[in-house]
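Protein chains: 2
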Amino acid sequence: MNKKNSDKSVAEKIDDLAKDTVSSIESGNNPDVTFPLRGLSNVYFDETQKMVKLGDKTQTRNFFNVGQAKKFMQTFLVARVIKELVKENITAPIRSIYYNTKHTIGDTSEETWEDQSESDPIIEDLEITLGSLREELHVRAGQKGSMVGNLTIIDAGDTIDLRKMGSGGWSIPSIVEKDIIKFKECEADYILFIEKDTIWSRFNEDKFWKKNNCVIMHGGGQPPRGVRRLVRRMHDELKLPVYVLVDNDVYGLYIYSVIKQGSINLAFESERMAIPEARFVGLSSFDQEKYKLPKNVTLKLKDIDRKRISEVLAYPWFKKKQWQDELKHMVEKGVKLELEALSAKDFKFITEKYVPEKIKNKDWLV
Amino acid sequence: MNKKNSDKSVAEKIDDLAKDTVSSIESGNNPDVTFPLRGLSNVYFDETQKMVKLGDKTQTRNFFNVGQAKKFMQTFLVARVIKELVKENITAPIRSIYYNTKHTIGDTSEETWEDQSESDPIIEDLEITLGSLREELHVRAGQKGSMVGNLTIIDAGDTIDLRKMGSGGWSIPSIVEKDIIKFKECEADYILFIEKDTIWSRFNEDKFWKKNNCVIMHGGGQPPRGVRRLVRRMHDELKLPVYVLVDNDVYGLYIYSVIKQGSINLAFESERMAIPEARFVGLSSFDQEKYKLPKNVTLKLKDIDRKRISEVLAYPWFKKKQWQDELKHMVEKGVKLELEALSAKDFKFITEKYVPEKIKNKDWLV
Numbered sequence: 001m002n003k004k005n006s007d008k009s010v011a012e013k014i015d016d017l018a019k020d021t022v023s024s025i026e027s028g029n030n031p032d033v034t035f036p037l038r039g040l041s042n043v044y045f046d047e048t049q050k051m052v053k054l055g056d057k058t059q060t061r062n063f064f065n066v067g068q069a070k071k072f073m074q075t076f077l078v079a080r081v082i083k084e085l086v087k088e089n090i091t092a093p094i095r096s097i098y099y100n101t102k103h104t105i106g107d108t109s110e111e112t113w114e115d116q117s118e119s120d121p122i123i124e125d126l127e128i129t130l131g132s133l134r135e136e137l138h139v140r141a142g143q144k145g146s147m148v149g150n151l152t153i154i155d156a157g158d159t160i161d162l163r164k165m166g167s168g169g170w171s172i173p174s175i176v177e178k179d180i181i182k183f184k185e186c187e188a189d190y191i192l193f194i195e196k197d198t199i200w201s202r203f204n205e206d207k208f209w210k211k212n213n214c215v216i217m218h219g220g221g222q223p224p225r226g227v228r229r230l231v232r233r234m235h236d237e238l239k240l241p242v243y244v245l246v247d248n249d250v251y252g253l254y255i256y257s258v259i260k261q262g263s264i265n266l267a268f269e270s271e272r273m274a275i276p277e278a279r280f281v282g283l284s285s286f287d288q289e290k291y292k293l294p295k296n297v298t299l300k301l302k303d304i305d306r307k308r309i310s311e312v313l314a315y316p317w318f319k320k321k322q323w324q325d326e327l328k329h330m331v332e333k334g335v336k337l338e339l340e341a342l343s344a345k346d347f348k349f350i351t352e353k354y355v356p357e358k359i360k361n362k363d364w365l366v
Numbered sequence: 001m002n003k004k005n006s007d008k009s010v011a012e013k014i015d016d017l018a019k020d021t022v023s024s025i026e027s028g029n030n031p032d033v034t035f036p037l038r039g040l041s042n043v044y045f046d047e048t049q050k051m052v053k054l055g056d057k058t059q060t061r062n063f064f065n066v067g068q069a070k071k072f073m074q075t076f077l078v079a080r081v082i083k084e085l086v087k088e089n090i091t092a093p094i095r096s097i098y099y100n101t102k103h104t105i106g107d108t109s110e111e112t113w114e115d116q117s118e119s120d121p122i123i124e125d126l127e128i129t130l131g132s133l134r135e136e137l138h139v140r141a142g143q144k145g146s147m148v149g150n151l152t153i154i155d156a157g158d159t160i161d162l163r164k165m166g167s168g169g170w171s172i173p174s175i176v177e178k179d180i181i182k183f184k185e186c187e188a189d190y191i192l193f194i195e196k197d198t199i200w201s202r203f204n205e206d207k208f209w210k211k212n213n214c215v216i217m218h219g220g221g222q223p224p225r226g227v228r229r230l231v232r233r234m235h236d237e238l239k240l241p242v243y244v245l246v247d248n249d250v251y252g253l254y255i256y257s258v259i260k261q262g263s264i265n266l267a268f269e270s271e272r273m274a275i276p277e278a279r280f281v282g283l284s285s286f287d288q289e290k291y292k293l294p295k296n297v298t299l300k301l302k303d304i305d306r307k308r309i310s311e312v313l314a315y316p317w318f319k320k321k322q323w324q325d326e327l328k329h330m331v332e333k334g335v336k337l338e339l340e341a342l343s344a345k346d347f348k349f350i351t352e353k354y355v356p357e358k359i360k361n362k363d364w365l366v
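Top to bottom, those sequences are chains A and B.
Here my numbering is used: the first residue of the first sequence is 1, the next is one more, and so on.
Here my numbering is used: the first residue of the second sequence is 1, the next is one more, and so on.
Same shape as in the complex, but just chain A:
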């Protein structure tokens, strides 16, 4: 692991934060902590790196300031727990951290937090300030998603041959950093990321990964952080191209967009999560005609779909002609299309024809 972000470094950085504050108090000053500002006002699209990034606006919290003292206290409350987690080498989900640090302050009736919507942003603040991924702070998110394919990994010391994981597959954990997940023998040529678990099961049942020498994974809809981070690590370290297979609707496009450029909410993590080279293999808004699918398997666009598409059309990373054509065609046709609709041809059409041909013919969008 990068020394800068190793466990030791996290503990050291928390200590430094605390020492600065103490020495500031001792020298009679007003201690402060400075954070990059998050949210839309400080997010931009980096044209060189091709990802959503956080700008350089900051905010400062002072201890001797009635409006900021509580947040200041909360920051150190969470920092203390994270240091404990790192020291004990255990992890905790954000909800448990909230409960663990919730208590009444002194003899007052004041609570450290009213609810979790107060503690979650403090964890994100610390991620940025300490320059560490949430996972490196030993903070877990939910666990969704499965993986199989021509690859062996080590997970928490256990060797797992992803070629022999049956119909279920290996569950992708929330924390997939190098000290937990290591990559061993890999013959795979690429990663196929599939939006839906039920479609992934079709690919696994047909042993698509064996026939096409790849790794297949899903994230149970919108993929959690662990899944995104794992795809990125495999892309970087195993040099595997990433193909994304999602529904032809705004939700599917959003999933692709997040994998590719990162999200506005987690803009500060794009450099460790986003994969600008990720390739969109479908569904495309041109697929219904192209594959002669019956019209009645399409779904009418709703007003909310049209509104979201017009927003997506304005995203800098969808400005390329091919993406504008793709999105405008969806609006013109007035319909969306789900992955399951391909079974109108036959159940194996998606695994035996659709995806292999798209990849073979380089019929994808970037």
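If you are wondering where the hints come from, they were derived from the structure by calculation, not from laboratory data.
The C-beta atom is built at its ideal place from N, Cα and C for all residues, glycine as well.
Mixed in with the good hints, there may be bad ones.
Said to hold, decoys possible - DSS-like cross-link-like pairs, simulated, lysine-lysine; straight-line CA separation at most 27 Å:
id	chain 1	residue 1	chain 2	residue 2
1	B	Lys-210	A	Lys-184
2	A	Lys-207	B	Lys-87
3	A	Lys-70	B	Lys-345
4	B	Lys-182	A	Lys-210
5	A	Lys-182	B	Lys-210
6	A	Lys-348	B	Lys-210
7	A	Lys-184	B	Lys-207
Unchecked claim - Okay, the calculated beta carbon distance ranges per label pair:
id	chain 1	residue 1	chain 2	residue 2	range
8	A	Arg-306	B	Gly-221	28 to 36 Å
9	B	Val-366	A	Glu-357	37 to 45 Å
10	A	Glu-289	B	Asp-56	47 to 55 Å
11	B	Ala-314	A	Gly-67	46 to 54 Å
12	B	Glu-271	A	Tyr-254	38 to 46 Å
13	B	Ala-314	A	Glu-289	50 to 58 Å
14	B	Lys-211	A	Tyr-315	49 to 57 Å
15	B	Gly-221	A	His-329	32 to 40 Å
16	A	Val-331	B	Glu-111	44 to 52 Å
17	A	Glu-289	B	Lys-87	28 to 36 Å
18	A	Arg-80	B	Asn-361	41 to 49 Å
Put chain B on the given structure of chain A with help from the hints.
Here is chain B on its own, set in the frame of chain A:
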């Protein structure tokens, strides 16, 4: 596998259904298919078996009946696809079956289905009529949930040692019938079923299953059919008691209730899914006082919670005094409690004290 419900038998039973219809037409009669009636009006609690079951009310669909002819056609449309799935030995999710069978009828503008809410009940009708689990009809549901523990299984021919599944675990597939999942070496003394993935990760990280010789699993919230069926098979075939660990709220109680007695919607499956002996180890509404948890980690009951609790109080399977006390105490206190709230003690309290003591002291509800 039970010969009666084997693949061959499913295909035979579909053939029988079709042959009856054809011979009925040939002899000049009005062909019909009779189904047990589903829904609340034909569901009851079987006091002997201690599970929710389907009554003996039936409904008949006639081919020569304007109001029933379409449903009659739809039934055979789905039956045909299921026979194909069985014959080709592939599985499909209900959504793909919907798309696969959606088409315009002859020269009319009439569709076989308007939407999936029409095709799903037909699949359930066939489950009952053919006396086969949906899984035996090769119909898949979603895939959620993970498992690890002192047990080796075979999944689709691959041997999987659940003692060596790292931090992620094995993903529980949707279809877990005997021809796909087989049980091998098992030292485990019991199954711990945990509502939430994030809490399950705490138990896996602490190697709870190793220290306490058990299997731990979660179903990602409300468990899908595959998870319920797998717990039941392990309970029956490996003779393992099942302990259920859920939030102390109506949602958690409902999850426990479904595992234990079955659900109204799937009453026809209770005999193959429900586990009346399942034990509720928590959270209990008495736990906050008992474990001296701070009051501020409880959450206020909402009106909707109170309404649901009054419904639950009336369920025949919650009529026992201990359950009535449990539920009434929740109402009196006016609060609910999440599993994560136990981390107010410390992060490992749940794995090192709470659950081991509950099990050791037989401090559970049945």
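Requested in this report: Find the hints from earlier in the document that the structure breaks and name them by number, from lowest to highest.
Outcome: Hint check: 6, 9, 16 and 18 fail, others pass.
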